Amino acid sequence: MVGAYARLVEKRSLPRTAAFFDLDKTVIAKSSTLTFSKSFYQGGLISRRAALRTAYTQFVFLAGGADHDQMERMREYLSALCKGWNVQQVKEIVAETLHDLIDPIIYDEAASLIEEHHTAGRDVVIVSTSGAEVVEPIGELLGADRVVATRMVVGDDGCFTGEVEYYAYGPTKAEAIKELAASEGYDLARCYAYSDSATDIPMLESVGHPCAVNPDRALRREALAREWPVLVFNRPVRLKQRLPAFSMPPRPALVAAAAVGAAAATAGLVWYVSRRPGRRARRQCENFARI
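So my numbering is basically just the index in the sequence shown, starting at one, shifted up by 471.
Rather than coming from a laboratory, the hints here were simulated on the basis of the structure.
For clarity, every value in this text was computed on a predicted model and none was experimentally measured.
Don't take each hint at face value.
Stated by the list, open to error - Derived EDC-like pairs: lysine to aspartate or glutamate, alpha-carbon spacing no greater than 20 Å straight-line:
1) K501 x E611
2) K509 x E563
3) K562 x D574
4) K562 x E634
5) K554 x E634
6) K649 x D594
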């Protein structure tokens, strides 16, 4: 990678260091979980009404994101929505669509930055509020060394119970980073972190080299006040276009991509849409219905 992004990455990596990346709107151009809503509608897991509302919520998310209170209400709603979903069914749907849906929306700049950190000898860790079943295969696709993601409880019947085992959000992300640093020997003062959202300020301020990527208004203000670098990623590109020899992981590896993320996205954003009606939103939903 060349240019301003490359200059942000030091070429020294002793003692051991890592680069921590948020996922949605930082590494990929959309919400990793909401992106699967159409596939879940086609697979019969969500209704047409929910699919239309989710399409609008994706629009709202891309336009400005969601604040802390909205995210908390989304979490409660998604827990109820995904209760009883068969995990294997969701995995099969996601396994068939992961490549087509996620590969085209990976930011070229983010992929290059990940490569740059690996070249410098750093571990790359994806830290996302989305579900582990979605984040883990995306992390594998990107060549990440580890992932931190939300986990939901699966019952003995193979279905989601509706309970959240671990919620990777806000201060919890910073706690996870500190725990990883303790177990892996990372020197956080020399580590890097990247995010688009003000809700990730605790994660950003826990490292010595925080960077705001496509920041929301609150994070932009904070970054300018603290003199953090502000990066703009705007070139989604398929990995195969960047690396001609690149090949996707085999299908069995992709099967792990399943449900929690999609459940989380669909659930939370259905709630949000119900709180934010509007003509422009309805037009977005109508366009989704025609697809």
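Exercise. Output the numbers, in ascending order, of every earlier hint that fails for this structure.
Key: Checked against the structure, no hint fails, so every one of them is satisfied.
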